[in-house]
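A.B. asks: Following the hints, put chain Z in place on chain A, whose structure we already have.
Protein chains in written order, with my numbering: chain A, 1 to 254; chain Z, 1 to 260.
One should not assume that every hint holds.
Said to hold, decoys possible - Computed footprint of chain Z on chain A; a stretch qualifies when at least three of its residues, placed anywhere within it, have a C-beta under 8 Å from a C-beta of chain Z:
| id | segment |
| --- | --- |
| 1 | 95-101 |
| 2 | 193-199 |
| 3 | 204-217 |
What the hints assert, rightly or not - Below, simulated DMTMM-like cross-link-like pairs (lysine to aspartate or glutamate); rule was C-alpha separation at most 25 Å, straight line:
| id | chain 1 | residue 1 | chain 2 | residue 2 |
| --- | --- | --- | --- | --- |
| 4 | A | LYS74 | Z | ASP16 |
| 5 | Z | LYS240 | A | ASP159 |
| 6 | Z | LYS63 | A | ASP97 |
| 7 | A | LYS74 | Z | GLU8 |
| 8 | Z | LYS240 | A | GLU27 |
| 9 | A | LYS105 | Z | GLU94 |
| 10 | A | LYS105 | Z | ASP138 |
| 11 | A | LYS105 | Z | GLU195 |
| 12 | Z | LYS63 | Z | GLU130 |
| 13 | A | LYS92 | Z | ASP72 |
| 14 | A | LYS179 | A | ASP219 |
| 15 | A | LYS179 | Z | GLU117 |
| 16 | Z | LYS131 | A | GLU90 |
| 17 | A | LYS105 | Z | GLU206 |
Said to hold, decoys possible - The calculated label-pair distances, taken between Cβ atoms and stated as ranges, are:
| id | chain 1 | residue 1 | chain 2 | residue 2 | range |
| --- | --- | --- | --- | --- | --- |
| 18 | A | ALA84 | Z | ARG252 | 43 to 49 Å |
| 19 | Z | PRO95 | A | ARG18 | 52 to 58 Å |
| 20 | Z | TYR70 | A | SER197 | 39 to 45 Å |
| 21 | A | ASP97 | Z | ASP25 | 36 to 42 Å |
| 22 | Z | ALA128 | A | ASP238 | 52 to 58 Å |
| 23 | Z | LYS68 | A | ARG18 | 38 to 44 Å |
| 24 | A | HIS65 | Z | PRO87 | 20 to 26 Å |
| 25 | Z | SER235 | A | LYS227 | 15 to 21 Å |
| 26 | Z | GLU94 | A | GLN40 | 31 to 37 Å |
| 27 | A | ASP97 | Z | GLY26 | 39 to 45 Å |
| 28 | A | ASP238 | Z | THR248 | 48 to 54 Å |
| 29 | A | ARG18 | Z | ALA7 | 53 to 59 Å |
| 30 | Z | GLU219 | A | PRO30 | 38 to 44 Å |
Read the hints as simulated data drawn from the structure, not as lab findings. Note that the structure is predicted; figures quoted are calculated from it, not measured. Glycine included, C-beta positions come from ideal geometry on N, C-alpha and C.
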Amino acid sequence: MGSVGAKEVPVLLGPDGRRIDGRKVDELRPIAITAGPLHQADGSAFVEWGQNKVMAAVYGPREVHPRHLQENNKAIVQCRYNMAAFSVDERKRPGLDRRSQEISKVIAEAFESVIFVEEYPRTSIDVYIEVLQANAGTRCAGVVAASVALADAGIPMVDLVPAVAVGKVGDAVVLDLKKEEDNFGSADLPMALVPQSGRLVLLQMEGHLSRDELARALDLGVVGCRKIYEVMKQALRDRYRTDGPGPAAEGMAA
Amino acid sequence: MSESVTAEILTNHILDLARRQKRLDGRGPDDYRKASVEPGFASSADGSALARIGATTALCGVKLEPGKPYPDTPNAGTLTTNAELIPLSSPMFEPGPPHPRAIEVSRVVDRAIRAAETIDLTKLCVTAGEKCWTCFVDIHILDHSGNLIDAASLAALGALTHATVPNVRFGIGPADLPLEVNHFPVEVTFCRLGETLVVDPTVEEESAAHGRLTIATDERGEVVAMQKGLIGAFSPDDVKSLVDRAITHGDRLRRIARGS
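Next comes chain A alone, as it looks inside the complex:
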């Protein structure tokens, strides 16, 4: 979007209904999740999703810094979503830009909607998301990674929170945008679902959708989230199964 004066638009949707990378409109990119790759964090997860590589770590419940943010009746959830300078084609200036701060805010709110924060008054649950390689949908990959990391840290929650972006390329509403589709498509709608309640805890949108397209996009996203949910649960089962190599999920897949 916002492709004012941008380069030539690639063919995003072939006559056979296949997308730029051969996927069908309702097909996810390959996704692999490793629970617990980090050793110092209370919980962690690594997500490889299409060309995205995202690491998440959870610390806490622990003392609140800065202290004045402390709440007497509940834990606060703090999130830092950050992109590595080398994660995108053109080097990104290190540090939190306004986009990262906004994403950090909506992700923190999404998790505070599912964590039993009243169990841990005067503490902070800190969620760190580092995007190491980016190819559209990094906030969703971040939510998926952080959600598995929260579970890995043993934080009590209503449910895991799968996330996915839906968008529009040509006339089609499509699931899980990759970079070209995000840059040259006409809408991007990231969402995060609580499978147990069927409700969305993160929802953003930019672009152009009619009310009917928007309704289709929401339905497609929910189906996508439920598929990712299964992968998330399997990652946690693999980490904690008792018959296998055990919790030392060493490193990450290359």
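C.D. replies: Same frame as chain A, but now just chain Z:
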């Protein structure tokens, strides 16, 4: 401590009223407060508007200055939106670097303006790759009585609609021209109070809310931007029904912003 106790009593009261489809200020769930837009509030700006939604007040000033196009869009001018939640407007706001809340307001307003292609940025190019207009949309919140995003968006649309390109001041052309506005995005915000979804929340309702959803639509009836905020959740069916309500309220607010 007593403050948090009164806050809790108030929250429970608001939720109790909402269960009966009522609100503290006597409105029903789908009643928007009285909204107005006063263009030309600050004549030092190239375009300005004071937007009011009930007691909530936002002032937007648009300034155009010559600048350089971004390397990846050599044929387009640039647009920068910034919202300041200044301490004058609420005891909740403190001086200092922009709070994530302010960044969110700026970015959600910016997102709707950009996605709706409100301004054709290619028309703000003076010399390709060399010189263009930079359009600054600066929003000051003056009174935070709830629903800042809608007020900021209304002020921004009002200011852009009545803005002038100051060709003479910068020696770029023989006469100042009106800024061309092609589309008219308007944001409409809802809050969940228990299971009741109310439009245009007050500041007390926002602090009692279980989630907030903003939906921006344009005059074509298309959705151009959305943002869920606060702690809470919405079902896809909630979102679908709120889109219809956002289109209806948006049409009315758009006429107010355009002064027609």
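A.B. asks: Does each hint hold? Answer for all of them.
C.D. replies: Verification of the supplied hints:
| no. | hint | verdict |
| --- | --- | --- |
| 1 | 95-101 | holds (count 3) |
| 2 | 193-199 | holds (count 4) |
| 3 | 204-217 | holds (count 10) |
| 4 | A:LYS74 x Z:ASP16 | holds (23 Å) |
| 5 | Z:LYS240 x A:ASP159 | holds (24 Å) |
| 6 | Z:LYS63 x A:ASP97 | holds (23 Å) |
| 7 | A:LYS74 x Z:GLU8 | holds (14 Å) |
| 8 | Z:LYS240 x A:GLU27 | holds (23 Å) |
| 9 | A:LYS105 x Z:GLU94 | holds (18 Å) |
| 10 | A:LYS105 x Z:ASP138 | holds (22 Å) |
| 11 | A:LYS105 x Z:GLU195 | holds (24 Å) |
| 12 | Z:LYS63 x Z:GLU130 | holds (20 Å) |
| 13 | A:LYS92 x Z:ASP72 | holds (15 Å) |
| 14 | A:LYS179 x A:ASP219 | holds (22 Å) |
| 15 | A:LYS179 x Z:GLU117 | holds (21 Å) |
| 16 | Z:LYS131 x A:GLU90 | holds (23 Å) |
| 17 | A:LYS105 x Z:GLU206 | holds (16 Å) |
| 18 | A:ALA84 x Z:ARG252: 43 to 49 Å | holds (46 Å) |
| 19 | Z:PRO95 x A:ARG18: 52 to 58 Å | holds (54 Å) |
| 20 | Z:TYR70 x A:SER197: 39 to 45 Å | holds (42 Å) |
| 21 | A:ASP97 x Z:ASP25: 36 to 42 Å | holds (38 Å) |
| 22 | Z:ALA128 x A:ASP238: 52 to 58 Å | holds (55 Å) |
| 23 | Z:LYS68 x A:ARG18: 38 to 44 Å | holds (41 Å) |
| 24 | A:HIS65 x Z:PRO87: 20 to 26 Å | holds (24 Å) |
| 25 | Z:SER235 x A:LYS227: 15 to 21 Å | holds (19 Å) |
| 26 | Z:GLU94 x A:GLN40: 31 to 37 Å | holds (33 Å) |
| 27 | A:ASP97 x Z:GLY26: 39 to 45 Å | holds (43 Å) |
| 28 | A:ASP238 x Z:THR248: 48 to 54 Å | holds (49 Å) |
| 29 | A:ARG18 x Z:ALA7: 53 to 59 Å | holds (55 Å) |
| 30 | Z:GLU219 x A:PRO30: 38 to 44 Å | holds (41 Å) |
The structure fails none of the hints (numbered hints given earlier).
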